[in-house]
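A.B. asks: Letter by letter, the chains look like this.
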Amino acid sequence: MTDSDESRDLEARLRKWEAGTVQDALKAMPERRKEFVTTSSRPVKRLYTSLDLRNKTFKERLGEPGEFPFTRGIHPTMYRGRLWTMRMFAGYGSAEDTNKRFKYLISHGETGLSVAFDMPTLYGYDTDASEAKGEFGTCGVAVSSLDDMEVLFRGIDVGKISTSMTINAPADVIWAMYLGMAERQGVPLTELRGTIQNDILKEYEAQKEWIFPPEASMRLVVDTFEFGAREVPQWNTISISGYHIREAGATAGQELAFTLANGMEYVRWGIDRGLKVDSFAQRLSFFFNAHNDLFEEIAKYRAARRIWAREMRDTFGAKNPRSWLLRTHAQTAGVSLTAQQPEVNIVRTTLQALAAVLGGAQSLHTNSYDEAYQVPNEKAVRIALRTQQILAHESGVTNTIDPLGGSYYLEALTDELEEEAYRYFDRIQDLGGVIAAIRKGFIQQEIANSAYRYQREIEDKERIIVGVNDFVVDEQPEVEPLRVTQASLKAQTDRLARVRRIRDKKKWQTSMDRLRKACDDPDANTMPLILEAVRARATLGEICDVMREAFGVWEEPLLY
Amino acid sequence: MAKKIRVLMAKPGLDGHDRGVKVIARALRDAGMEVIYTGLRQSPEDIVEAAIQEDVDAIGLSCLSGAHMALFPDVVKLLKKRHAGDIVVAGGGIIPEEDIPKLKKAGVKAVFGPGTSLRDIVAFFQKAGSAKGA
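Chains A and B, in that order, give the protein sequences. My numbering applies: residue 1 is where the first sequence begins, and numbers increase by one. My numbering applies: residue 561 is where the second sequence begins, and numbers increase by one.
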C-alpha cells in the first residue's frame, strides 16, 4: 500500500468511526462542551491522526536532536548529557538581603543565579530619587552603584556561576556594574558567563519598563552586542523575551510571533551596524513563558526552535550552526497564580515546569506559591526549587529526548503555531516593521485584546480557574509575609550617600562628560564609556540622566 | 437620559504592570461608562489634576509593585485639598490583607485583589457614580 492509499483508507475509517461509534456515544452522552479550546482559545479537535501531518515530512520538520531545524532539541543528547540550569529569579530589599537569598538558593542546589531588580532600578533611578518613593526593594533588589553590586555578589565567585539579570532600559549600566564588580573580584571578563535581558522591544510591547525612545534604545542594545562579542565573549548580551508578552495577556501564538519578530529585528540592527551575523548571533538567547496548557506550550518551544533556525540560516545567512540555535530560559506563568487557595499554585507550577522540560528549555525558573501576594518567602521558594529537582531526578521525563515528538496532536499544534507566527510576521512587515507596529500600538492592542477575552472567558465561566470561579472555598489564606524593612532602606541610602561623598569628583565629572559626548556621536559605542563612569562611581540615576538628556524619553500610545 | 458615569483609571508610581488596569478600563467602558486612562508612571499630583480636569466621578488606582501605601492615600489627600473630596477612590493590585483597613481608613473606598470578578468592580463604580451624580 502506498502512503496515499493508506491515507485514503484512514480517512474512510475515521468517517465511519465519526458516523457510527462517535455518534452513538454522543447520543448516550454529549460532550462536556460545544467547543474545546486551549488556554489561548485555540480550537482543539476530538482526535488527531496521521492525516493532520499530511504533506509534511518528519525529516524536514523535525530533524534529529542537535541538527537543523532543531525541533526536537538543540543538543544531541539533551538532558541525558546535562540537565537544564535551575535558575531562580530572586531579589528584594537591599543588596545585603538579596545576597543572603542567593546563598540560601545555592545551598539548596540551584545552579545559576537570576537577579530581580526593583522598580526604580529598572527605570534608571537611584533609590533616593523622588520618583522612587515607596518602591524601594518591593519587586526586586535596589542597585544604584557599583558598591551595591559588590555587596550583592559578596562571597559568590562569579567566575564559577552564571548570572542572569532581568534589566532592560538601563541594561548597559547594570551590566557595566557587574563587569566592574567582577574586575574587583579579580575575575577576567572573558571568563564571565551570564545574561542581561536587554530586550527593549518587548518593554514597549508588554513589560513597560522603557526609558528612551526605540531608536536610541536599539542603538544601546547593539552597542552591547558589539562590546560583548569583543570583550565578554561568553556573555549572552540579550534574552529575547516572550515571557512578559504572555504575562501581559498574549496567547501562545502571539508570544511566539512577537518574540521572534523582535529577535529578527535585533539581528537586522546588528547587521545594519556592520556586524557579521555570526559574530553576535551565538550570544542571542531567548526566554519563554510556560503556561497552563501542557501541549500548546511544548509545541510553542518546538516551533520557536524551528522558525529561528530557518530564519537565521536562510534569511540572515548565518553560516555557523551555533548561530541557528534558539537557546531558551523558561519561567512558569506568574499570571496563572491565584491568591485563592495559594498552595494549589504548587500544582500549577509543576505542570507548567513539565511543559518547559518537555519543550526542551535550557534553564528554568519555577514560581513560588505565594507570589500572587508578594516576593516569595524562603519556604515557598524552596518548594519551587524542589519542584524542578523532582522533575529532573524523579519523574523520568529526562531519560529520553523530546519524549512527545511524533504525537499527532503535538506535531499538529507545532505546525499551527508556526503558521500563526508567520501570519503575524507578515502583518508586522505590512505595518513597516516592529518599531512602526509599536508606534501604531498594534502589538500592544493585540495583547490587550487577548487579555480582555481571557478575562471575559473567566467571567462567563467558559474557562474554569480552580479556586477562583469554581471549587471556591471561604477561607483566609495563610501566607507568611515578607516585608522590606526600613533598616534595609537605610543601609541602601547610607551607602549611596557615602559613594557620592567619597568618590573622586574630577574623575567622576570627566567620565560623565565623555559619556555625554559618546551619546551624541552616533558612531561611538557607549559601552566602554558607561563602564568608565561606573568605575568612577557614577550612580545608575546619574548615568541614566545623562542619557535621558541626550536621547529623550519615550511616550507610549495610550490604549486599552 | 442619565449622565454617563466618568471614571479615571490610573497607574501611580513606577509600576508597569498594566494588564489589569486595561482589562478593567475596558469592562467599565463596555458597561457604558466614560473611561479615561492616564497611562503609566503618574504621580498622585498628575492623577488628581487629570481627575479634576476630566470632571470624573471616581478614580481607580492600580498598583502591583507594592508602593500602594505610599501613593494611594496621597491621592485622597490631594483630592480633599483641591476641594474634590467627593470623587470616589478605589484601588487594586497586589495588596496585602493587612494593608486594606489602613487604606480604607485613609479614604480609599474599596480595594480589589487578584481574582476579583469584573462584575463586582463594575457594580462598585456604577454605585459610586450614581451616588455622586445624585
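Check before you lean on any hint, since a few could be wrong.
Mimicking BS3-like on lysine-lysine, the simulated pairs with C-alpha atoms at most 30 Å apart in a straight line are [as the list claims (entries may be wrong)]:
id	chain 1	residue 1	chain 2	residue 2
1	B	K665	B	K687
2	A	K133	B	K640
3	A	K461	B	K669
4	B	K669	A	K133
5	B	K637	B	K665
6	B	K662	A	K461
7	B	K665	B	K692
8	A	K461	B	K637
9	B	K564	A	K133
10	B	K662	A	K133
11	B	K563	A	K490
12	B	K637	A	K133
13	B	K662	A	K490
14	B	K662	A	K379
15	A	K490	A	K507
16	B	K662	A	K276
17	A	K490	A	K103
18	B	K637	A	K490
19	A	K505	A	K490
20	B	K563	B	K641
21	B	K563	A	K133
22	A	K490	B	K564
23	B	K664	B	K564
24	A	K461	A	K27
25	A	K103	A	K505
FYI, nobody ran anything at the bench for these hints, they're computed from the structure.
A.B. asks: All hints are to be evaluated individually against the structure, with a verdict given for each.
C.D. replies: Hints and how they fare:
1. Using a Cα cut-off of 30 Å, the hinted pair B:K665 and B:K687 holds, with the two alpha carbons roughly 20 Å apart.
2. Between A:K133 and B:K640, the direct Cα distance comes to roughly 21 Å. Compliance with the 30 Å bound is thereby established for this hinted pair.
3. Our distance criterion of 30 Å between C-alpha atoms is met by A:K461 and B:K669, whose separation comes to about 28 Å.
4. Taken as a hint, the B:K669 and A:K133 pair is honoured in the structure, with Cα atoms around 23 Å apart against an allowance of 30 Å.
5. At most 30 Å may separate the alpha-carbon atoms for a hinted pair to count; B:K637 and B:K665 meet this at roughly 12 Å.
6. Between the alpha carbons of B:K662 and A:K461 the distance comes to roughly 33 Å, so the proposed pair goes past 30 Å and is violated.
7. Only pairs whose Cα atoms come within 30 Å are accepted, and B:K665 paired with B:K692 is accepted, the gap being roughly 20 Å.
8. For the suggested pair A:K461 and B:K637, the alpha carbons sit about 39 Å apart, so the restraint of at most 30 Å is broken.
9. Of the pairs offered as hints, the one joining B:K564 and A:K133 is violated, with about 35 Å between alpha carbons and a cut-off of 30 Å exceeded.
10. For the proposed pair B:K662 and A:K133, the alpha carbon gap of about 18 Å is at most 30 Å, so the pair holds.
11. Proximity of B:K563 to A:K490 is assessed by CA-CA distance (about 50 Å); at most 30 Å being required, the pair is judged violated.
12. The hinted pair formed by B:K637 and A:K133 meets the criterion: a straight-line CA distance of about 16 Å does not exceed 30 Å.
13. The suggested pairing of B:K662 with A:K490 holds, with an alpha-carbon distance near 24 Å, which does not exceed 30 Å.
14. The suggested pairing of B:K662 with A:K379 holds, with an alpha-carbon distance near 28 Å, which does not exceed 30 Å.
15. A threshold of 30 Å between alpha carbons decides the hint, and for A:K490 with A:K507 the separation of about 27 Å falls inside it, so the pair holds.
16. With a C-alpha separation of about 58 Å, the suggested pairing of B:K662 with A:K276 is violated against the 30 Å cut-off.
17. The hinted pair formed by A:K490 and A:K103 meets the criterion: a straight-line CA distance of about 22 Å does not exceed 30 Å.
18. Proximity of B:K637 to A:K490 is assessed by CA-CA distance (about 27 Å); at most 30 Å being required, the pair is judged to hold.
19. For the hint linking A:K505 to A:K490, the alpha-carbon distance of about 24 Å falls within 30 Å, and the restraint holds.
20. Straight-line distance between C-alpha atoms of B:K563 and B:K641 comes to about 26 Å, which keeps the hinted pair within the 30 Å bound.
21. Restraint check for B:K563 and A:K133: not satisfied, since their Cα atoms lie roughly 37 Å apart, outside the 30 Å limit.
22. Note on A:K490 and B:K564: the hinted pairing is violated, with a Cα-Cα distance of about 48 Å set against a maximum of 30 Å.
23. For the hint linking B:K664 to B:K564, the alpha-carbon distance of about 26 Å falls within 30 Å, and the restraint holds.
24. Of the pairs offered as hints, the one joining A:K461 and A:K27 holds, with about 25 Å between alpha carbons and a cut-off of 30 Å not exceeded.
25. Distance restraint check for A:K103 and A:K505: the Cα-Cα separation of roughly 35 Å exceeds the 30 Å cut-off, and the hinted pair is therefore not satisfied.
The structure does not agree with the numbered hints 6, 8, 9, 11, 16, 21, 22, 25 stated previously, though it agrees with the rest.
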